[in-house]
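Throughout the sequence shown, residue numbering follows numbering that gives the first Met the number 0, covering 0 to 362 in sequence.
Everything labelled a hint here was simulated from the structure, so no lab data went into it. Treat each hint with caution, since some may be false.
[What the hints assert, rightly or not] No farther apart than 27 Å at their CA atoms in a straight line, the calculated lysine-lysine pairs in the DSSO-like style are these:
{"no.": "1", "residue 1": "Lys-356", "residue 2": "Lys-107"}
{"no.": "2", "residue 1": "Lys-2", "residue 2": "Lys-166"}
{"no.": "3", "residue 1": "Lys-166", "residue 2": "Lys-315"}
[As the list claims (entries may be wrong)] Across the chosen pairs, the derived CB separations fall in these ranges:
{"no.": "4", "residue 1": "Ile-330", "residue 2": "Ser-31", "range": "38 to 44 Å"}
{"no.": "5", "residue 1": "Leu-248", "residue 2": "Pro-74", "range": "43 to 49 Å"}
{"no.": "6", "residue 1": "Ile-140", "residue 2": "Arg-72", "range": "38 to 44 Å"}
{"no.": "7", "residue 1": "Ser-349", "residue 2": "Lys-166", "range": "16 to 22 Å"}
The structure presented is a predicted model; accordingly, all values stated were derived computationally and were not measured. Every residue gets a Cβ at the ideal spot worked out from N, C-alpha and C, and that includes glycine.
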Amino acid sequence: MTKTNVAFFINDITSSGGTERVTCLISNMLQSTNNYNIVIISLNEAHGDIKFPLQEQVRTTKINKTPQNGIYRFPIVCARLAYLVRQYKVDILIDVDGILDLYSIPVKILTRVKLISWEHFNYHQNPDVPYRKLSRQLAGIFATAIVTLTKQDAQNYEQNLKFKRAKILTIPNPMTVQGKHDYHPDSRTIVSAGRLTYQKGFDMLVDVAAQVLLQHPDWQWVVLGDGEDHDALVQKTNERGLSTQLHFLGRTDNLGSYLEQAAFFVMTSRFEGLPMVLLEAKSYSLPLISFDCDTGPQEIIQNGANGYLIPCFDAKAMADKINILVESSAIRMNLSSKTEEGNTGFQPCSVRSKWIKLLKTDN
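Based on the sequences and whatever the hints tell you, model everything.
Set out below in structure tokens:
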């Protein structure tokens, strides 16, 4: 049987974020079927080794010998990408982040490679880069398919793309498969995690914590992650008198060790693509509380069954729900007992089958 040559085109596979992690996961899934030759092409590699497990059969390469950016490099990047597509005889080119479509679309026109745009943000967010709106419209015309992480975001694309030649479909990121973890109803620790940036809303988390922790001095709240807002968040925590209960512990390579000892998980993001931290917390049988932001929480949390969706961005409503959980281990245990509801579509076997079906599509 002839193998299909698939290339994932990513900004930097040596970074340690969610897109890099899931690119390695999906690459390994496809490689393990023995039906694909996988190569990962980075625009830049600035961080040394790859941070996530990657099968040795998966090849990696890069476009820029040293990390470089700038619009003046556009023709150089396109030419180099086209060279690599031909060198590896790529049948299907998958852009990990739609902004990279700006490079891949000219390459598709030159080489006739099949192009898939894999969007990791939601349609209404345009983080930092004004070219995103353009790249999304062009993907609607030139890509074979646009893959969104949530059904909600697929609807965003259907409603906002002017030309929809591309097939728009949803393939979520897979849950990490965990062994069975016993829930600890006596835990008095709340956990949150994410980059300490505006997107993740930890400034609002401090406001929520002030309405919870001061009333419950035997409870602790730990936030895992680093970022540019660290110092401001610590200062705000101190000003609110929370320094002995609310702790910003920095980045960890073992989030699971905190999740398996937690009472429940809280997310205060202003926007998401598909929040993997919610899925990971769910895999540890934790009740979940999150603002009902675009996009993802409402596809992970069954409101009132295994957690709570809070109107955006109502700090008091969130604090009220947290206080209910803090004060009732019975409610926490009931929510924990139903964390497997809604998990089927996030199972690795389901995600893998959806990718394989897409890669077999002829058009």
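Evaluated hints:
no.	hint	in the structure
1	Lys-356 - Lys-107	holds, 21 Å
2	Lys-2 - Lys-166	holds, 24 Å
3	Lys-166 - Lys-315	violated, 41 Å
4	Ile-330 - Ser-31: 38 to 44 Å	holds, 41 Å
5	Leu-248 - Pro-74: 43 to 49 Å	holds, 45 Å
6	Ile-140 - Arg-72: 38 to 44 Å	violated, 24 Å
7	Ser-349 - Lys-166: 16 to 22 Å	holds, 19 Å
Violated hints, listed in ascending order, are 3, 6; each of the other numbered hints is respected by the structure.
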